[in-house]
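> Keeping the supplied structure of chain A fixed, place chains B, C and D with the ligands upon it in accordance with the hints.
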Amino acid sequence: MSVKNGKTTGRNLVKKFFAQRETSVLIIILIAVAIVQIIQPKFLNVSNLKSIALSVSTDGLLSIGLCLALILGGIELSVGGVAAMTCVLTGYLCLAGVNVWAACLVSVLAGVAVGLFNGLMISKVGLPPFIVTLGMMNLSRGVAYILTKGSPLSLSGYLPDSFRFLATGEVLGIPMLFIIFVVIAVVAHIFLMKSNVCRNIFYVGSNEDAAKHSAINVDRVKIGVYVTVSVLATLSGILSLGRFNVATPELSVGAETTAISAAVIGGTSFTGGVGSISGTFLGIVLLKVVNSALVMLNVSVYWQDFVQGAILVLAVTMDYVTHKDKSNGGIICALLNKVRK
Amino acid sequence: MSVKNGKTTGRNLVKKFFAQRETSVLIIILIAVAIVQIIQPKFLNVSNLKSIALSVSTDGLLSIGLCLALILGGIELSVGGVAAMTCVLTGYLCLAGVNVWAACLVSVLAGVAVGLFNGLMISKVGLPPFIVTLGMMNLSRGVAYILTKGSPLSLSGYLPDSFRFLATGEVLGIPMLFIIFVVIAVVAHIFLMKSNVCRNIFYVGSNEDAAKHSAINVDRVKIGVYVTVSVLATLSGILSLGRFNVATPELSVGAETTAISAAVIGGTSFTGGVGSISGTFLGIVLLKVVNSALVMLNVSVYWQDFVQGAILVLAVTMDYVTHKDKSNGGIICALLNKVRK
Amino acid sequence: MNREMLLEIKKVTKQFPGTKALDNVQLSVERGEVHALCGENGAGKSTLMNIIGGLYPPTDGELFFEGKKIAPKNPGEAQKIGIGFVHQELSLCPHLTVAENIYIGRLPHKGDMIDFPKLWENADEVLSRFGANFSSKTKVSDLTVSEQQLVEIAKSVSLDCKLLILDEPTSSLTDKETRKLFEVVRSLKQENISILFISHRMPEIFAICDRVSVFKDGRYVCTMNVPEINADDIIRAMVGRELGNLYPPKSSCIDKTTELLKVENLSGKIFKDVSFELYKGEILGFAGLVGAGRSEIMTALCGIDKKTSGTVWVNGKAQSFKNYRDAVDQGVCYLTEDRKKQGLYLDMSIKSNMASANLKAVSKGIWLQEKLEKRLADEYVKRLSIKVAGIEYPISSLSGGNQQKCLLGKWLSIKPKIIIVDEPTRGIDVGAKLEIHNLLRTLADEGVGVIMISSELPEVMGVSDRVIVVHEGHLSGEISEDDMMTEENIMRLASGEAV
Amino acid sequence: QGKANEENDGEGTSPLVGDSSEEYYMISFLSGIDYWKTCYTGMEDAAKLYGVSAQYTGQTDSDVAGQVSVLEQVIAKQPKGIAISCVNSTALADTINSAIDQGIQVVTFDSDSPTSNRASYLSTGNEEAGQKAAEYLAPQINNKGKVAILYTVGTENAEARVAGFKAWCAENAPGIEFVEVNDAGDTTTATDNMAAALQANNDISAVFCVDGIAGTAGPTAVKEASKSDLKVLAFDVDKTVLDMIKSGDIDATVAQGQYNMGYWSMVMLYTQAHNLSNAALPGFVDTGVTIVTKDTVDDYYVK
Ligand SMILES: Nc1ncnc2c1ncn2[C@@H]1O[C@H](COP(=O)(O)OP(=O)(O)OP(=O)(O)O)[C@@H](O)[C@H]1O
Ligand SMILES: Nc1ncnc2c1ncn2[C@@H]1O[C@H](COP(=O)(O)OP(=O)(O)OP(=O)(O)O)[C@@H](O)[C@H]1O
Ligand SMILES: O[C@@H]1[C@@H](O)[C@@H](O)CO[C@H]1O
Ligand SMILES: [Mg+2]
Ligand SMILES: [Mg+2]
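Residue numbers (our numbering), protein chains in the order written: chain A, 471 to 811; chain B, 471 to 811; chain C, 118 to 616; chain D, 450 to 752.
For reference, chain A alone in the conformation it holds in the complex (with noise of 0.2 Å):
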């Protein structure tokens, strides 16, 4: 009851906290740290902590844009394409003598022109998002090969180091990259939570009829959306471009799970209407320390899919089971709860 009427006593605040899914995916990540730093002693050192907030990265720009797009009710399964399209783009022009920060302005402008697409289709014409960002799956990373022909192209010497040290380089140790991705995910956090133009984002995933009969421009909001998960994913395939100083088709390929599975993992809905960028922040974090933890403990390759999968359902079923009944806050005050009777 107190929960349904708001007010917030002290025992509130702990079930707030635990009823909040961020909360238990941070246990998760808490427990499997342990456990792999008991085994592996060398996991929590600094360098691998830097290429774990590497690896971080790049893939949480795509998350963060899956968040969103999942939030609408929608989806995105071209978000890795675009990065690779969009990051052998920008080679492409640096290496016909285009200077590179004209050529990363290209690239956002051709990500913003495949956001349109995407946005268009599902808005105006109607067409399935899964659908039409699986076509465009193929369309853009075929871009990519034609472009490339095949051949990954190698920028040695092309790219200024100002453009490097954005994926490079480090400010007090702190990797630029995963400097530039947090920034990108706490402002995209405040505005989704806070922000008057993001909450319509909420309110068409969760009934898209009522946001039409309250004068929400519902086609708008998801070419806005749309368009902005193109160009995170544009940001990312310039950011690897300047990381492995090579343009290459094969970039993120399967991105798109790595990015939907965060976003889920984080507590965003398939239904629409529910999510967070902190969750998939979380989210991304877990799936890149299992992804480290399972080369550190010399887990043979062979199994490597097969755990990463074990894992994916084992965490979103723990999370859901602990939230099941949604009064609560889940597992752990269900457990509170047991100690005071």
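The hints are simulated quantities; they were obtained by calculation from the structure and are not laboratory data.
One thing to keep in mind: the hints can contain errors.
Computed Cβ-Cβ distance ranges for the label pairs, DEER-style [unchecked claim]:
{"id": "1", "chain 1": "B", "residue 1": "TRP571", "chain 2": "A", "residue 2": "VAL652", "range": "53 to 59 Å"}
{"id": "2", "chain 1": "C", "residue 1": "GLU394", "chain 2": "A", "residue 2": "GLY596", "range": "49 to 55 Å"}
{"id": "3", "chain 1": "C", "residue 1": "LYS488", "chain 2": "B", "residue 2": "GLY567", "range": "36 to 42 Å"}
Only a predicted model underlies this, so the values are computations on that prediction, with no experimental measurement involved.
Ideal placement from N, C-alpha and C gives every residue a C-beta, glycine not left out.
Below, chains B, C and D with the ligands alone, put in the same frame as chain A:
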């Protein structure tokens, strides 16, 4: 009016015919074939038709599965993985000296187990199908890697002709594999359209709550569907073993997207409650015709992804646009009406 | 006309595929009046409102608002002009808070950011007008149907519009909440706001409306000044004939010796120790405030939801239904109160909807028989005189009332031994209502056990031979004697007091 | 066989002058990648000599069923000959044989189908290539320590190389241990995994990047872990790899005789199609492997 009174005047039959989603896909196929044939006269020769028939068959089985899953309002991403897993499992057992038919039986049981797992997770635990089957996609392919240690298992000499005949034989010049697929498709179509058990799939897909309130055992329906899908995938895996005489963990990588595209091109809806095997059949045919055309027309390999993406979006768009106004028979009837005025 | 016209509708026609929903209708609403709209199910009321509200354009005709010609292309435009709309079907965002729903599309904000304190404050203020007992921070999905309806209304009231359209707002409200609503309506009227009020409940019209316009089969019939007329006048205009008395006669043949149904100490998620029996030939009414737990009792009884304990006897045989199918096979069925969410397969045909609980009856072996399915649908469309363009059409194309009749037909088709109907006439017109009541009576006379949940007191009293009242999950009393069956007594029990 | 010749030199021209309507196909898998271009150049050049036309096709992924249909579709066009690199050593046998039954000449290059009746296999077998790699790398690390092997798990050609590499070491440098790392077909993941492997085993003294993706990911991971003292051996001569050899991020790479594969495939196919040799052709042609280092790298840029 006449439609509404259920009378079927000649005019109406035309309308009905063109109102069928199948029809518009069929037309698209015919147009495509015509164009290709003009440019490349060898396209319609027997051996190419055979090769198209073969490539339709194994993916076709997966497409039927996805059609069912989508009508149910779910999705199944693990079909490719399950095909690989069962293909490898069967091969593995044969090499271990198990009788091939016994091995098939074991694989089918494995398939059933996978289906049960997916079904239970989705119905009883209530996880989103996308995530469960995504996890299963890794799990099943993982098993394939574990069993093969990565390198495909060659079965030359181990598989009896009786078995290989199913996948490589011909009857009256028609590939056995294709015959098997068509038979299964026809049976599935009849059951889906005419059996009361399968009607429940539509009810659940259309409104799960209502189904529950119509005394339909929703969970059983779901589990039933996911088991069926896995078994179809298993069949596809076993037949591939017979066809290639090798058990490779790389089998049907990314096949789920092909299967989904086929179902959706065939008019199966993402929101559930709508779809047909006949449409799906035409959907997979269209996709494979396009594939074959790309090779027959010497389309540069670098363009293939791009063209495929374009075709997918194009086909679905055409289909949706022509059916926007459900009451009439799509674009063709629109024209007919024009003519009369 | 001495008073100023706010809205004028001239020669409006709306053609749907297969149906002419509106045929050259007119309507004029004065400033500051409460104008009732009456008509049978499918008369075209909602359609007209949807046109005014900008959901879809008329096929033909003109709208004038404050003398200016308008053609709202979408709800947004309608709102800007000053038209607020509470839809017949709930349209809220379940995942969001009450406040966010009330201010959907127009959240108070500082710069780009939402001003949450202001949001909560404003929302709570609006809610307080309805004496709502839940906070504006509550997630809508945690509210009951009726609480959600309140939110829906609060949403439009807060629009500070010039014309407020209420399409059957009371159908899922209890009397208490309805009275609150009426207070609000009156105060809005004081602020010189006009209200278009659609309801199938005659008393409500006489309670708050100044004028009433009647529609029939998509045509405008007439407009009357409420003070000058009585219910029969309206009904005559609606149905084109006298209805006589509004409720069927009570049963003469209750057989207290045969218990069709016996329930003992049934307990579940939100109710406990419920015991009662249902006799041959009677209609047993269940009254109570919304949220009392009546539906849950019944759904648990039928095995739709889990019961924690208790026994159920059908025709003297102890039954433990493992799932709903078991119950239905024993001839026990439950007609849901939530038509849209739990009743209808909106995108499927009328005939498929009707067969959905009874596929065996339309199949040979495992094979569905097109013919049987058609025949079944046709039979009940005729028997319940359901207004359909054709049984092949999607059920979404039917008016609310006709959809409800389809659901009733769906359950009658299983030839039930015991039928439990939850708010069976919610949103149904007087004519159809009477038909349904008569139907329930005939069923009872034929020996079918009938249990009716209703939040509409006149209905419970009018139809039931015996009324059981539920209060917060337990039975707070039972009334069988006619002279005891008064609104006061029922309300007292419903709010937990003794009679 | 003499008859065959008459048919060909109708105008009394040499049997070595073919007809431009004669089509010869090169089929590969993962056809998007750089590698095949050089193979195809070889084939084209030979085709020019004979005045016949060469075509290149394939599929962008490494799906078995996919390559089988591509082969079938090429057969449907009834070309004179086909040179194919087989994504799987067993799966294509039947289709290859059916092509031969229809009178189409078939040779395999790069990746073989040993159980088929193909006229010849032109390549460094992937296994042998792996051994050559080991033969170069082992001494560089004094035949001991850990070697990380980065490759796409499950792709047959890569697996074969890894097998060859290990086999050689087991034989000649038993002191060497292996850490297998999956590059999962994606540059980013490959880098992540390689990075983690370097963290877990700071005693890794060399990295063997077995395929194209690894060629980019491996060096990047090594750089990001700033372990410049590691030996990095790549595979194939993609321009990116060559550049990194120049820049020192990669120490050496294994160059296969791609041009030879294409060139001699064409020669064989033509010879067979025109019955120019009554002696059976060699069933296996070693197209050679060389190790490319900073000193030789310049010769390998495509001019
Ligand atoms: N979207 C639609 N497509 C086709 N027919 C429709 C549609 N909406 C309404 N109709 C038809 O128009 C007629 C009027 O429907 P409407 O909902 O306006 O009736 P109503 O007066 O609101 O009835 P109720 O009192 O039951 O709500 C009905 O015959 C209905 O079947
Ligand atoms: N599925 C459910 N899960 C949890 N609580 C529920 C559920 N359905 C209803 N409730 C709650 O149980 C209480 C009883 O609801 P219910 O609908 O049974 O009331 P009722 O007496 O049937 O009134 P009416 O049916 O007239 O609306 C309400 O507080 C409602 O919010
Ligand atoms: O190096 C290999 C080639 O030998 C060929 O197998 C295709 O894939 C490349 O990575
Ligand atoms: Mg209505
Ligand atoms: Mg209820």
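> With reference to the structure, classify each hint as holding or not holding.
Hint check:
1. B:TRP571 x A:VAL652: 53 to 59 Å: 58 Å, holds
2. C:GLU394 x A:GLY596: 49 to 55 Å: Cβ of GLU394 (chain C) to Cβ of GLY596 (chain A): about 54 Å, so the range 49 to 55 Å holds.
3. C:LYS488 x B:GLY567: 36 to 42 Å: 56 Å, violated
Going down the numbered hints, you'll see the structure goes against just number 3.
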